[in-house]
Amino acid sequence: MTALLELKQKIKNLYGQYELYLLPVFKFVLAMLYFTWINENMGYMSQLNSMFVVLILALICSILPSVVTVYAGFILMILHSYALSLETAGFMLVLILVMVIFFLRFSGGQNTVMAFTPITFMFNVPAILPIGSGLMGNAVSAIPAGCSVVLFYFIRFIKRQSASLMNTDLEVADKLQLLADGLAQNWGMWITVVAFVLVVLVVYLIRTRAFDYAWRIAIVAGGVTYVLVMLGGSLFLNATVSMPALITCAVLSVVFAIILEFFVFGGDYSRTERLEYEDDEYFYYVKAVPKASVSTSERSIKKINGEPIREERRSEEKKAVSFTEPTQAVSDKPKKRRTAPAPTPRKAKPVSKEDDMDEIDFEKKLEESLKDL
Amino acid sequence: MINEEKVKIMNRLAMYEKRGGKKYLPVSRYYRSDYIGLALIKNFFLVTIGYALVLAAVAVYYSEYLMNNINQMDLVSLGMKVVGGYVVVLISYSVLTYIAYTVKYHCAKKSVKKYYEELTKLERIYGREEKKNSGREITGGRKR
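In order, the protein sequence lines correspond to chains A and B.
In this text, residue positions in the first sequence follow this note's numbering: the first is 727, and each later residue adds one.
In this text, residue positions in the second sequence follow this note's numbering: the first is 38, and each later residue adds one.
These aren't lab readings, by the way, just hints derived from the structure by calculation.
All the given hints hold, so there is nothing to weed out.
If the Cβ cut is set under 7 Å, some of the chain A residues that face chain B in the computed set are:
1) V820
2) V824
3) I827
4) F832
5) A899
6) A906
Covered by chain A, according to a simulated footprint, are these stretches of chain B (three or more residues, beta-carbon under 8 Å):
7) 76-88
8) 97-103
Even for Gly, the Cβ is constructed at its ideal location relative to N, Cα and C.
Could you put the whole structure together from the sequences, leaning on the hints where they help?
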């Protein structure tokens, strides 16, 4: 555990040191994964379906706020849909506009969650998204989480139906009907939407309570809620959900979430303190949970001389007391000292400064305060 | 000579402006009624557009049925339903917007309160310095 804490501290220090460069790199990686996923699943417009475009877009997104990545993804989706057919592009545009107007405009900064959804599905751990959102965001992040599931399933549906959507013999109304049915009657999608929204709310609700181990309980409760909703939904709505895959996904998500909790929260409940005090306006009942931390060992190189330290010290003490003493007698480097001007009582101090920084500072301060007096 | 207290305050102010201030300072410059009123007007237009889009999508979905049965349909009652639906959606979204923007405004005001307190402190320091300088000039002190 100590080693882990040390690792956490090291990572934190490293991030603190290079935050300026690391943040754009993270944004770049996120945008790259998101756009690559869109191109892999849609890729109908050959001009956009190239690594070069993805790289440029990701580079632009890395220096802009992370919400821009989501909106750039929307534009990519619409353009790819346009290459497939005009109806698909129209449907996609209406779907995105309705989402933005009715839902996403209330969630503001939390909309970045949408870029993470395809990535979690790509690694077969979708449950980590609502659990992570509940842990790191707030209840409003349930909105983008739900919307992103709708978009994810819709894109997969388009991929499956791309042949019929490209068919020019099919009428416009038929294509739109196909798309609308694919969206409205995709029960697997709706169950996942409900599961995501509920998990975000449950995790956020439990995580913000004041009881001990609230974060860990929230994670497990989130995992259990996900499994229960998916199972219940599959029973009532006749959607096929693979049981072993679901359980594995939930367990993996819980494990990932616990790792996330270790890095983001890491409270040590065994040292919890409860305080009670008051001021003019309020009574305070404070529960203070200290952060589990360990001081990282820093390697320092010490030069060990052959000369005995005791003698050196004694001579230093001597120096410190006698200000008027000539510098040559004190210093280790007589050559330098000889060139120095004749020491006055005030200037005699810097001599020992070379040997012991703290001591001379203290003396200087003492002398200054005495002077003031 | 550098006024250390002034530098400290200015540093705190700059830090706030860079972090939370970016989000909250523009909000706090509005009156509450203006801020929420503007949000409601924006909400009205957005909901109207959104509702029209959804309505159009539904109409296209049922286009075949509509084409065949348009003559037998009670268009007045259908129109009433559409308008009723619009009013319900508009009211519910207006209430939602009102709540969301009231909370946002309250948060912004609370957040910028300390910022303005610090700003007042800084202003007081500047006032003191100015007084000192002008006093010097009157008494024939060194002119800058």
